[in-house]
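Using the sequences and the hints given, assemble the complete structure.
Sequence order for the protein chains is A and B.
With my numbering applied, the first sequence covers 1 to 257.
With my numbering applied, the second sequence covers 1 to 257.
No lab work stands behind these hints, which were simulated from the structure alone.
Hints may contain errors.
If you only want the chain A side, here are some residues facing chain B, beta carbon under 7 Å, derived [as the list claims (entries may be wrong)]: (1) VAL18; (2) ILE126; (3) ALA162; (4) ILE199; (5) ALA214; (6) THR226; (7) ILE227; (8) LEU245.
Not close to chain A: a few residues of chain B, all C-beta gaps over 12 Å, as computed [what the hints assert, rightly or not]: (9) ASN22; (10) ASN28; (11) THR53; (12) TYR56; (13) ALA79; (14) ASN101; (15) THR174; (16) ASP223.
Virtual Cβ for every residue (Gly too), placed ideally from N, Cα, C.
Number of protein chains: 2
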Amino acid sequence: MIKVAIIGSGNVAQHLIVAFENSQIKDNAVELIQIFSRKREKLAHLITLERITDDYQKLVEADVYIIAVSDDAIAGVVAKIPFKNRLVVHTSGSFPLNALNENNRRGVFYPLQTFSKNKTVDFSTIPICLESENPFDYQILNSVAKSISNSVFAINSQQRKALHVAAVFVNNFTNYLYQIGNEICEQHHVPFEILKPLIAETANKILVLSPQEAQTGPAKRNDSETIQAHETFLLDENHLLIYKLLTQAIKDNGKKL
Amino acid sequence: MIKVAIIGSGNVAQHLIVAFENSQIKDNAVELIQIFSRKREKLAHLITLERITDDYQKLVEADVYIIAVSDDAIAGVVAKIPFKNRLVVHTSGSFPLNALNENNRRGVFYPLQTFSKNKTVDFSTIPICLESENPFDYQILNSVAKSISNSVFAINSQQRKALHVAAVFVNNFTNYLYQIGNEICEQHHVPFEILKPLIAETANKILVLSPQEAQTGPAKRNDSETIQAHETFLLDENHLLIYKLLTQAIKDNGKKL
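Okay, structure coming up:
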């Protein structure tokens, strides 16, 4: 049985705790033996207090320590780890492996998903991107990851950086486009609800078509009359700037192909 | 029983034919009596040839004629319609109601969804936006729309224009962000597959959270270190421009709130 400890109590840590606890019910391959949280009560709804410590000196021996804290807190955690030569991994998309202290064996355990506090996710479908310094540690991480997910990938630090930037486009920026859609609806007293099936279908399409195949709309058709009408219609300077830039990009892209 | 005729043979027309044929199996409230298609064989896989005409003069009497052709073909169809005083509607998001000929009673029957040739859609969840010149015609359109969809809205021409522009943001532009994600993955030899669960969850979140609540990422957190690292990382001038503009917009938006 592989022993896992988690350091952190935020969104990612909490989703990982739930995933490991559920996996242990099905299969005893991985055991979540301890959590470090500065406030023990914060996790009391997920796990018994005996398994939560707020003292780095009381961290028990584990096969892998997963640091699940925000990027700017990683260095602080690393500085406080009291042991050596153990496998310590972080869960960050943007931190390189070597941001961890070389006193320990280093690795990355990056679940590529957006986690919200009050929205459960099915961890089994979440891709987990792994990196380690040696093949033995990779095997440990691989077993741990496979106990909670069906989608596990070996991804080096450079590739992970690419995924993290790409994720900003498909997640953060896409969500901001939803917000612009919402703002346009509000300005014209139309319920945003009407757009939700379109949002769902746009995301669904990408499961079966490439983005190039799925592209539609006035920019793709080079329909200058509609584009002109939209540009005249947009009241918000910021919406207009984004409309123009993305329309031009889609038009130029058509020329490239 | 309300008699419906469809003029057109493209994506929207074909999806409507399937939806009306399926609805008639369940409930006899609406009958699809005829389709106009310049090439009758094009629709032979969907409907018997007897119900397809390629001659405007042979259009039979119906309670409503749905013009389901591309925007730039609507004027051509309107010019060829040989009858008067009947209810004629188009399916366009961007055309105003009064683009139709006033010899007939005019209306709009706009299903707000993205239709692909080889991907079936569940029409019952697709919002249909209706507009008419008088309440009696609205009742006809409402009955026709409700026979195929559970989501029917009265939307005037100005509101429909807003929805159409908003749809460009949440559908066409979002799909283009997926393409940028794909391009970044290809440049760094990472499978785009890894991003698909994130794309799905980003769209899912918007069903339960407002776009403002759902917004995450370095721009939202004002995490200048990560933003700087991403900007250095991006190889493509076009990706960089879009990254900068959307990052700035999300940051400014945070200040507004």
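Now the hints, each set against the structure:
1. VAL18: With Cβ-Cβ at 16 Å, over 7 Å, it is violated.
2. ILE126: Cβ of ILE126(A) sits 6 Å from chain B, so the hint holds.
3. ALA162: holds (4 Å)
4. ILE199: holds (5 Å)
5. ALA214: holds (5 Å)
6. THR226: With a minimum Cβ separation of about 5 Å from chain B (threshold 7 Å), the hint on THR226(A) holds.
7. ILE227: violated (9 Å)
8. LEU245: Hint holds; LEU245(A) Cβ to chain B Cβ min 6 Å, cut 7 Å.
9. ASN22: It holds; ASN22(B) is separated from chain A by about 18 Å at its closest Cβ, greater than 12 Å.
10. ASN28: holds (27 Å)
11. THR53: With a cut-off of 12 Å, THR53(B) remains clear of chain A, as the shortest Cβ separation is near 28 Å.
12. TYR56: holds (25 Å)
13. ALA79: Answer for ALA79(B): holds, closest chain A Cβ roughly 18 Å.
14. ASN101: holds (20 Å)
15. THR174: violated (5 Å)
16. ASP223: Incorrect as stated: the minimum Cβ-Cβ distance to chain A is 7 Å, not above 12 Å.
Hint check: violations occur at hints 1, 7, 15 and 16; the rest are consistent with the structure.
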